[in-house]
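Work out the full structure, taking the sequences as your base and the hints as a guide.
Taken in order, these protein sequences are the chains called A and B. With our numbering, the residue at position 110 of the first sequence is 840, and numbering never jumps. With our numbering, the residue at position 84 of the second sequence is 108, and numbering never jumps.
You may find that some hints are simply not true.
Claimed, not checked - Quick list of in silico lysine-lysine cross-link-like pairs, DSBU-like style, CA-CA up to 30 Å: (1) B:Lys66 x B:Lys25; (2) A:Lys743 x B:Lys25; (3) B:Lys92 x B:Lys128; (4) A:Lys743 x A:Lys756; (5) B:Lys128 x A:Lys756; (6) B:Lys92 x B:Lys25; (7) B:Lys66 x A:Lys756; (8) B:Lys128 x B:Lys25; (9) A:Lys743 x B:Lys128; (10) B:Lys66 x B:Lys128.
Keep in mind the hints are simulated off the structure, nothing from the lab.
Each chain, letter by letter, is given below.
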Amino acid sequence: DAGVTQSPTHLIKTRGQQVTLRCSPKSGHDTVSWYQQALGQGPQFIFQYYEEEERQRGNFPDRFSGHQFPNYSSELNVNALLLGDSALYLCASSFYPSGYTGELFFGEGSRLTVL
Amino acid sequence: KQEVTQIPAALSVPEGENLVLNCSFTDSAIYNLQWFRQDPGKGLTSLLLIQSSQREQTSGRLNASLDKSSGRSTLYIAASQPGDSATYLCAVNSQGGSTLTFGKGTMLLVSP
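Below is the structure:
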């Protein structure tokens with residue numbers, strides 16, 4: 731049973747560029763959420779997707795956007811990259827009917843470095 | 025606004041010791057609390073999930089307790105091993121859905 735998979739694992743961008751990160755949820759899961767983890771900090775919630783719509787959003791600017799596809803996979807897009815966007819981006823999946831009480835499963839993350 | 029604090033920030037123990045990691049949160053109106061393990065540069069591995077109606081959960085050498093009214097949870101690790109060395113993160117779900125609020129973690133080092 732495949733867990734949550736993310737790609738790419740590492741990438742380097744320069745300021746002002748755009749980046750797209752990808753996530754496939756755990757088998758049987760239909761909800762995907764994204765988190766940003768800066769070095770030495772706990773992860774911070776960016777947004778959650780269910781039924782191809784953004785359902786919840788954390789305190790992140792509009793430069794952060796996402797998409798969910800019919801097969802439940804998801805993309806995170808970040809425009810106009812800033813140095814402060816350098817972080818580990820984590821994808822988590824869950825099963826929505828148990829969403830309020832369900833367990834979240836995380837992927838290995840995508841390490842973004844902005845130069 | 026929910027805030028999660030983990031104490032201590034770092035802990036170093038010899039192999040075989042029993043240890044306790046602490047997590048506190050400011051808003052007791054939570055759906056659940058989840059403990060994770062994170063190895064350096066890696067993703068999060070779920071260890072235990074405690075629903076708001078539960079008092080504790082156990083998995084192998086791990087036991088997590090929840091005192092919702094006082095805003096506290098503890099993770100107890102019995103007979104620690106070098107392979108337990110990692111950062112342990114506590115996260116609470118107080119808004120529903122996939123919105124977890126994390127602490128900064130406790131970095132654990134278990135020496136042989």
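| task | Would you check the hint for B:Lys66 and B:Lys25, treating anything up to 30 Å between C-alpha atoms as holding? | result | holds, 28 Å
| said: Between the alpha carbons of B:Lys92 and B:Lys25, is the straight-line distance 30 Å or under? | reply: Holds. B:Lys92 to B:Lys25 sits at ~16 Å (cutoff 30 Å).
| field | Satisfaction of hint between B:Lys128 and B:Lys92, Cα-Cα up to 30 Å | value | holds, 20 Å
| message | Does B:Lys25 sit within 30 Å of A:Lys743, going by the straight-line distance between their CA atoms? | response | violated, 33 Å
| query | Are A:Lys743 and B:Lys128 close enough, with their CA atoms no more than 30 Å apart? | reply | holds, 26 Å
| Keeping to a limit of 30 Å between CA atoms, is the pair of B:Lys128 and B:Lys25 held or broken? | Within the cut-off at roughly 16 Å; holds.
| said: Run the distance test for A:Lys743 versus A:Lys756: straight-line Cα separation, threshold 30 Å. | reply: Satisfied, since the Cα-Cα distance of roughly 28 Å is no more than 30 Å.
| Given the hinted pair B:Lys66 and B:Lys128, is their alpha-carbon gap at most 30 Å? | holds, 15 Å
| Quick one, are B:Lys66 and A:Lys756 close enough, alpha carbons at most 30 Å? | With a Cα-Cα distance of about 17 Å, the restraint between B:Lys66 and A:Lys756 holds, given a limit of 30 Å.
| query | Are the Cα atoms of B:Lys128 and A:Lys756 separated by 30 Å or less? | reply | The given pair, whose Cα atoms are some 26 Å apart, holds under the 30 Å limit.
Hint violations for this structure: number 2 only, all remaining hints satisfied.
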